[in-house]
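Protein chains: 6
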Amino acid sequence: MVIKLSGSLFDSDILEITKLSELIKKLVREGVRFVLVAGGGAEARKFIKRGRRLGLDESTLDEIGIQVARLNAMLLIGGLGDLAYPSVPTTLEELTLAFETGKVVVLGGLHPGQSTNAVAALAAERVKADLFINATDVDGVYDRDPDLYPSAKLLSEIDLKELKRILGRTSTKAGTYELLDPIALRIIERSKLKCIIVRCKADIIEKAIKGEKVGTVVVI
Amino acid sequence: MVIKLSGSLFDSDILEITKLSELIKKLVREGVRFVLVAGGGAEARKFIKRGRRLGLDESTLDEIGIQVARLNAMLLIGGLGDLAYPSVPTTLEELTLAFETGKVVVLGGLHPGQSTNAVAALAAERVKADLFINATDVDGVYDRDPDLYPSAKLLSEIDLKELKRILGRTSTKAGTYELLDPIALRIIERSKLKCIIVRCKADIIEKAIKGEKVGTVVVI
Amino acid sequence: MVIKLSGSLFDSDILEITKLSELIKKLVREGVRFVLVAGGGAEARKFIKRGRRLGLDESTLDEIGIQVARLNAMLLIGGLGDLAYPSVPTTLEELTLAFETGKVVVLGGLHPGQSTNAVAALAAERVKADLFINATDVDGVYDRDPDLYPSAKLLSEIDLKELKRILGRTSTKAGTYELLDPIALRIIERSKLKCIIVRCKADIIEKAIKGEKVGTVVVI
Amino acid sequence: MVIKLSGSLFDSDILEITKLSELIKKLVREGVRFVLVAGGGAEARKFIKRGRRLGLDESTLDEIGIQVARLNAMLLIGGLGDLAYPSVPTTLEELTLAFETGKVVVLGGLHPGQSTNAVAALAAERVKADLFINATDVDGVYDRDPDLYPSAKLLSEIDLKELKRILGRTSTKAGTYELLDPIALRIIERSKLKCIIVRCKADIIEKAIKGEKVGTVVVI
Amino acid sequence: MVIKLSGSLFDSDILEITKLSELIKKLVREGVRFVLVAGGGAEARKFIKRGRRLGLDESTLDEIGIQVARLNAMLLIGGLGDLAYPSVPTTLEELTLAFETGKVVVLGGLHPGQSTNAVAALAAERVKADLFINATDVDGVYDRDPDLYPSAKLLSEIDLKELKRILGRTSTKAGTYELLDPIALRIIERSKLKCIIVRCKADIIEKAIKGEKVGTVVVI
Amino acid sequence: MVIKLSGSLFDSDILEITKLSELIKKLVREGVRFVLVAGGGAEARKFIKRGRRLGLDESTLDEIGIQVARLNAMLLIGGLGDLAYPSVPTTLEELTLAFETGKVVVLGGLHPGQSTNAVAALAAERVKADLFINATDVDGVYDRDPDLYPSAKLLSEIDLKELKRILGRTSTKAGTYELLDPIALRIIERSKLKCIIVRCKADIIEKAIKGEKVGTVVVI
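Protein chains in written order, with the working numbering: chain S, 1 to 220; chain C, 1 to 220; chain D, 1 to 220; chain Z, 1 to 220; chain L, 1 to 220; chain H, 1 to 220.
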């Protein structure tokens with residue numbers, strides 16, 4: 001099981017991190033194995049914004065975002081205690097070896113040009129995960145933009161091709177990656193990963209894992 | 001100046017590598033600075049195909065493709081002799097440091113999930129290149145598929161958004177990356193890179209560098 | 001010349017970073033060579049505080065502080081542009097090689113258990129610096145605590161042994177390092193480094209470099 | 001148990017790799033522990049030949065051969081699936097740590113100047129192997145050159161000193177290493193390794209492991 | 001349990017190393033887990049002295065001392081055989097991962113500016129050790145200098161603050177580090193480590209582990 | 001120009017290191033470029049002997065010898081001061097990059113199974129050296145063993161094949177490598193390196209470089 005955790009989880013009070021850690025601990029005791037991928041969140045955006053104004057190029061700003069995501073990953077390792085692999089892998093190869101130890105592995109970003117969504121998809125592919133949960137700041141995918149149309153309806157599932165079309169028009173600067181970036185989409189497609197998009201809350205993630213109906217399932 | 005070299009350059013006789021090396025040497029003496037990115041070509045596809053049949057996952061197959069592209073990069077370093085940075089960088093940070101030495105730097109792939117096109121775009125962004133030449137197995141972008149429609153017309157320029165739309169439907173397995181992958185497109189967009197798509201022949205590449213009309217220019 | 005820059009420089013508006021960058025650029029053109037060491041500042045303290053509450057051990061918290069200091073170093077590299085070595089060394093050996101290139105090298109932290117003051121002192125020793133400026137949040141060393149005694153007098157110089165005695169009673173948790181930590185003091189002593197403690201403002205640092213009387217000189 | 005696998009295993013159809021993988025899996029289930037060393041084969045020779053014509057020096061060509069051998073090792077890891085350590089060690093230290101995990105470890109080359117035979121001998125020494133099987137393209141050692149003398153007799157054993165004398169006159173360019181290179185011979189000698197030279201076929205390797213009479217045993 | 005072993009252990013006959021190894025093996029079988037830290041000893045001092053005369057700076061001399069301590073660590077790994085992690089970690093992160101394997105981990109030095117005492121304290125903090133034994137060339141801490149005052153009394157315990165005061169006046173060149181360097185003292189303080197200072201003899205170390213009264217306990 | 005320096009140079013007083021450093025400095029000012037390779041000497045043999053008695057395997061003992069040779073290399077870097085590349089490369093790739101800087105590069109060993117002679121030959125091949133001086137503890141190659149036959153005659157040149165034959169019978173344990181190990185011989189052969197065997201004294205090395213008749217020239 002691979003879960004991409006929205007960077008916003010790390011922006012607020014540590015309570016949210018603690019809650020999620022408790023959920024993961026419980027599920028590990030039930031035999032579930034995890035790779036968690038921390039996003040960069042508001043901290044990453046702050047550093048990136050300042051770096052851009054100081055003249056850093058976009059791929060270096062990507063690296064700054066990756067570093068902040070790794071700091072968030074360290075916080076989560078703290079929350080998980082002895083269950084967590086004590087170090088944040090920086091390559092897929094390190095991830096593979098870390099996963100072999102049987103511990104919960106926590107990743108931040110890996111490489112410029114790839115959002116943490118893509119990292120999570122690559123990780124899911126590498127560890128042959130049964131499920132890739134993309135825990136975001138929204139409840140799932142809507143038929144229309146819910147900010148503009150209050151009557152927009154949450155979709156319980158969406159076809160990958162349709163999702164590709166919807167996501168095809170988003171902005172591309174470092175720190176502004178979207179729901180699922182194009183690489184994430186292609187990896188889901190090429191390895192036929194089972195993917196659910198949900199809101200990043202411990203109770204909702206638990207439901208998704210238990211197979212209850214939450215968020216939006218991506219159908220290939 | 002960053003040039004992505006089609007893997008097919010390395011599939012044939014070494015004559016093509018030698019010709020290209022001579023061109024680069026001449027231009028370096030005229031003061032042009034280069035980052036070259038070698039593709040994987042038929043060798044990469046052969047290894048990937050066998051690995052897939054043996055059960056390796058897609059991201060590991062990406063890594064195999066990256067390794068073969070690096071072997072091709074080594075061959076090109078041989079052709080360039082003392083003008084080349086003697087080692088193939090494996091991260092953008094190493095590229096940055098290598099480029100500082102003033103030598104021609106030759107890259108293969110960098111990271112799973114990214115084609116060598118994306119690598120070339122990231123490199124162009126990092127070294128703040130004036131021009132990113134994507135040297136491929138076709139003459140440029142056509143208005144229709146030239147294999148199916150003999151009357152298809154080569155476009156002298158194409159809008160990035162239009163290109164995105166055209167390339168939005170290609171296959172996604174390791175070793176089958178296309179003209180410009182989605183990451184390459186976004187990097188071109190976010191850093192407003194000047195990009196020309198041409199056929200990978202020394203004389204045509206020279207024309208593109210000299211500013212003559214060849215291939216298809218991507219307009220942002 | 002080695003300058004330790006207070007982390008507070010990076011907490012405020014980027015204006016301060018820009019000012020300092022302009023000063024460094026001017027001095028480099030006059031032939032001065034620099035190693036700059038960025039502190040972690042409020043961002044580091046925030047991450048460390050949250051990590052401690054989540055149960056991370058003190059040496060891991062040190063590593064978190066080091067990572068944040070390196071992010072600050074990246075921002076400064078942005079401000080310095082082409083004059084800066086484009087990457088943040090993570091060992092003294094990397095520093096040595098980076099310094100050989102003739103560029104301005106910017107460091108963050110290096111190793112748990114050592115503050116960025118100690119890093120700056122080790123760097124000064126390694127590059128055989130003529131001067132080690134410790135740019136802090138205070139004007140220099142006072143004869144009494146200036147927060148408690150408004151009549152406290154700024155000392156224009158202080159004996160190293162006396163300084164050692166004064167600093168001998170400070171707290172020791174990650175993120176709360178003081179003016180000069182014990183290692184910094186011993187390195188100043190063993191290699192007889194010339195050290196000035198000043199407030200971290202571009203104009204004051206310039207005065208210190210020009211040899212004007214500012215801050216407190218450490219006398220060995 | 002350490003087995004050096006002839007590069008020719010990887011030149012043909014993947015059927016041979018699959019057969020060998022099945023044999024290894026069976027023996028692992030019986031409790032045998034393995035380090036496998038993949039040779040470079042025809043692919044390596046092809047890359048080396050082209051690199052030599054392009055002007056690369058011999059030790060760089062050795063590195064190219066090493067990289068190809070590592071690609072072959074990755075294919076074998078695919079064939080072995082979960083029983084294999086998922087990454088190819090690049091130093092003896094990494095081998096040691098990989099071997100500690102209890103998995104089958106697959107190596108390619110390690111260092112210029114050493115053939116994959118020498119790598120296998122060093123690996124056998126490091127993991128204190130009971131047996132070092134050198135699986136080659138011949139049935140074993142003959143009393144005369146079997147290509148020239150059809151009546152040449154396969155020796156069931158040969159003294160190390162005699163073998164040294166026979167092998168003392170072979171060519172030395174990258175990619176043309178012989179049956180056992182001088183380093184392999186010295187390592188066999190200094191650590192008194194039990195070594196058998198056999199043809200690289202799954203059924204013959206199995207016989208050698210079971211203690212049946214095949215190939216040529218090296219007597220120290 | 002973390003034990004810092006005086007470098008003098010490695011200066012004499014290997015008998016002392018063997019004795020200590022036997023003790024550790026016995027205790028491991030009883031379920032105790034160890035990180036051992038080897039000092040540099042006379043060999044380190046010899047290399048450092050020669051390097052200083054040849055003009056190397058103090059922090060490079062620190063690195064030479066670290067390398068020698070790692071060689072001593074390798075000898076101890078030899079003595080411990082299969083119980084030891086087969087490689088000497090060079091960062092705290094590597095230590096953490098090595099410790100996870102359940103083996104006895106042996107360290108030398110880690111970073112310039114830190115004695116092997118500080119390394120041992122950081123290691124104790126990182127693995128959350130119950131006890132940090134500092135095995136030295138003296139029986140413990142005395143009320144006066146026992147070399148000058150034959151009537152000096154061995155203290156069974158000493159307050160950390162008092163110890164800090166006593167150790168505050170020692171020399172600072174590479175290779176001359178003292179009983180506990182200032183970083184070690186601060187780490188003991190910040191993480192409230194239980195620390196005993198004893199003579200580096202197998203029988204005395206065993207007593208300290210068993211809780212018998214030997215050496216000097218540091219009271220926080 | 002590549003010079004292999006006998007480990008015995010580092011065993012005695014630092015005077016010999018200083019003398020050699022002065023010679024190198026003088027020749028660098030005359031425009032000669034150097035790679036120097038330090039042997040391990042008596043220190044290496046001492047550590048290896050103790051490690052063998054403690055049960056370390058031969059390839060680990062090789063690594064210990066490599067580490068000691070690197071310490072000797074550091075001493076020489078001290079003697080050379082600013083002319084030397086400040087760090088000891090640990091791979092041929094690092095050597096290549098270090099050599100590009102124009103500094104004198106000093107190596108110790110590189111890889112188990114290869115003596116520092118082989119390292120020097122590989123280095124000579126890699127930097128395309130005009131001359132490889134093997135500075136040893138003897139005056140050159142004799143027609144008979146000079147220890148047994150006082151009338152043995154120093155050969156002014158020797159055919160490579162003859163040398164191979166003579167050296168074919170030496171011992172093989174770590175730390176006991178001979179005049180030129182088999183790999184060194186093959187590298188000399190495959191890359192047609194010009195090699196002279198002389199005694200390791202500054203004045204004799206100078207003569208060899210100036211083209212005067214000293215030691216024994218290896219004829220291919």
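Simulated from the structure, these hints should not be mistaken for laboratory data.
Do not take every clue at face value.
Put simply, identical chains are the same to the list, so a pair is met inside one copy or across any two.
[To be verified] Listed next, the in silico DSSO-like pairs over lysine-lysine satisfying Cα-Cα at most 27 Å (straight line): (1) Lys103 - Lys153; (2) Lys164 - Lys103; (3) Lys49 - Lys26; (4) Lys103 - Lys128; (5) Lys161 - Lys46; (6) Lys49 - Lys213; (7) Lys161 - Lys26; (8) Lys19 - Lys164; (9) Lys153 - Lys25; (10) Lys128 - Lys46; (11) Lys207 - Lys46; (12) Lys49 - Lys192.
Hints, verified against the model:
| no. | hint | verdict |
| --- | --- | --- |
| 1 | Lys103 - Lys153 | neither (39 Å within a copy, 50 Å between copies) |
| 2 | Lys164 - Lys103 | neither (34 Å within a copy, 40 Å between copies) |
| 3 | Lys49 - Lys26 | between (38 Å within a copy, 26 Å between copies) |
| 4 | Lys103 - Lys128 | both (16 Å within a copy, 19 Å between copies) |
| 5 | Lys161 - Lys46 | neither (33 Å within a copy, 29 Å between copies) |
| 6 | Lys49 - Lys213 | neither (38 Å within a copy, 37 Å between copies) |
| 7 | Lys161 - Lys26 | neither (36 Å within a copy, 43 Å between copies) |
| 8 | Lys19 - Lys164 | neither (33 Å within a copy, 41 Å between copies) |
| 9 | Lys153 - Lys25 | neither (34 Å within a copy, 52 Å between copies) |
| 10 | Lys128 - Lys46 | between (34 Å within a copy, 23 Å between copies) |
| 11 | Lys207 - Lys46 | neither (32 Å within a copy, 32 Å between copies) |
| 12 | Lys49 - Lys192 | between (36 Å within a copy, 18 Å between copies) |
Checked against the numbered hints above, the structure violates hints 1, 2, 5, 6, 7, 8, 9 and 11; every other hint is satisfied.
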